[in-house]
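J.: Listed below are the residues making up each chain.
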Amino acid sequence: MDLAALGDCLGTSSCLIFQTVGGLKIGLLMFLVASGLTLIFGVLGVINFAHGSFYMLGAYLAWQTMALTDNFYLAVLAAALGVGLFGVLFERGFMSRVYRGDVLVQILLCYAFILILDDLVIIVWGEEFLSSLGIPDAFHRPPLFVGGAIVPVFHLFIIGFSTLVAVALWLFMTRTKWGKITRAAEQNPLMVSALGINTSLLFAGIFALGSLLAGLGGALAASERSISSGMGFSVVLESFIVTVIGGMGSIGGAFVAALLIGMTRSFGAIGFPLFTDGLMFVLMCLVLVLRPQGLMGRSGG
Amino acid sequence: MSETFLDVADLDVFYGSSQILFGVGFTVGRGETTALLGRNGAGKSTTFKALAGIAPPKRGSITLAGATLEGRKPYRIARAGLGYVPEDRQVFPEHSIEDNLLIGAKKGPNGEDYWTLARIYEVLPRLHDLRHRMAGRLSGGEQQMLTIARTLMGNPSVLMLDEPSEGLAPIIVAQIGDLIRRLRHLGVTVLLAEQNMHFCLGIATHAVVIDKGTIVHRGPIAELRDNEEIRKRYLAV
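Protein sequences, first through last, are from chains A and G.
In terms of the numbering used here, the first sequence is numbered consecutively and its last residue is 301.
In terms of the numbering used here, the second sequence is numbered consecutively and its last residue is 237.
Treat the hints as calculated values from the structure; they're not laboratory data.
Some clues are possibly wrong.
With a cut-off of at most 20 Å between alpha-carbon atoms, the simulated DMTMM-like pairs for lysine to aspartate or glutamate come out as follows [to be verified]:
#1 A:Lys177 x G:Glu94
#2 A:Lys177 x G:Asp113
#3 G:Lys58 x G:Glu122
#4 A:Lys177 x G:Glu98
#5 G:Lys232 x G:Asp211
#6 G:Lys107 x G:Glu122
#7 G:Lys73 x G:Glu94
#8 G:Lys58 x G:Asp10
#9 G:Lys58 x G:Asp7
Just chain A, with the same shape it has in the complex (with noise of 0.2 Å):
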């Protein structure tokens, strides 16, 4: 533990910009994730616990793209789609059919798929760690200096991004009709359904956007990590902390807890470097004792 050195970069404008931007980062990649859990969640009342290896999906068919085509922008596009289409396929193949099973059903199930899908990228991509994919040639210039902190482009890049993606979605949640619609089968997918509503075809278009977030996070996030089978499941644990202390099914709620999870990296790193990941369970141990419903989650329900 460094209270000192906590202290010190909270004091200092270029290491609390430099943290907070960091912070951001982090937080908004792990939002692009959780998203997902938590709107599948929300919709269709199963936890995806395979949606970490939709993510570590969505990094290889990225790199893939990438080697094959050098387009960065692509390589995400195409990642994003491909797990989107994958989930999908998921969806209608294997989760739709246990969805009124047992919860240990869908969850054997999911752990089948990570097992699958981690053998069969190393079948595919082999067994050795592939590097990143760097960032695009746009962005290989020199840094920002704001406040004194050095602020990578990229990283601008990555957290603008994410939040366009944050407000696309909430547009999409309570601006457009099926995004109503899938608010209202939240709670009442049987109603929806009498007023002619196809309910299935909306729980696979949800299971389908989900599953893309997935990708598309696991994609940008591949930008500057390696990638490697079995790289998925910290992220599940992640997503699924998020979900928890925002609230199940509550995108709102993911996003203010991805933000918070992200900044208590960021500073934990300097305040507590032996405890960084411990600080994000008591934050959820916290919440599930004093808030057990999340941060903007439904009470009661």
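For this one, chain A is given, so just place chain G on it according to the hints.
T.: Then chain G, alone, in the frame of chain A:
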């Protein structure tokens, strides 16, 4: 009697292993307002759920304007023109009135698009005044109006209302009655499940009486008005 529009025949419905409906059958003519009457637990709601595809019948047939409905999923039945308003209202509480209505909006089975937001607001100005209010914060009567309006937005050929007067104050019940009468004048075919016979006498054209899962009487509403025995035996009034 006008041509048969909705034809229900020999419906058997089970919940698990217990049989709830025994060969339920009746017809509804186009433009009629038919009341399905019976005591609590007689099988009214189950009949509606069977028609709506929510409690699929094990045997029997349901035909609407020549189209077979039994065995289809609820959303297909709704699209085929059978509009179902469940008994406990089931508004979307965290959506505004207007959003509730928009979620129900669709064209009818033959492309009918008579019911729009504007038409609904014209018929039910109260919904227009409160259009931005969350449905969960409306009174019971307002919620009942909203669910009827929400299903109307789907331009159904037959509107099924399950106990629309239940639990509402007399003045609100009268308003619901007015609404149903206005719908009949607009040519909407209505099937109404009710325990409240007096409510039905004023608005229905035909009556179907159900008891212990079987139909025990069918005919114009006047017959029921004049037949004290049926009223006493099956409706206890």
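J.: If a hint holds in the structure, say so; if it does not, say that too.
T.: So, going through the hints one by one against the coordinates:
| no. | hint | result |
| --- | --- | --- |
| 1 | A:Lys177 x G:Glu94 | holds (15 Å) |
| 2 | A:Lys177 x G:Asp113 | holds (18 Å) |
| 3 | G:Lys58 x G:Glu122 | violated (42 Å) |
| 4 | A:Lys177 x G:Glu98 | holds (11 Å) |
| 5 | G:Lys232 x G:Asp211 | holds (12 Å) |
| 6 | G:Lys107 x G:Glu122 | holds (19 Å) |
| 7 | G:Lys73 x G:Glu94 | violated (26 Å) |
| 8 | G:Lys58 x G:Asp10 | holds (10 Å) |
| 9 | G:Lys58 x G:Asp7 | holds (17 Å) |
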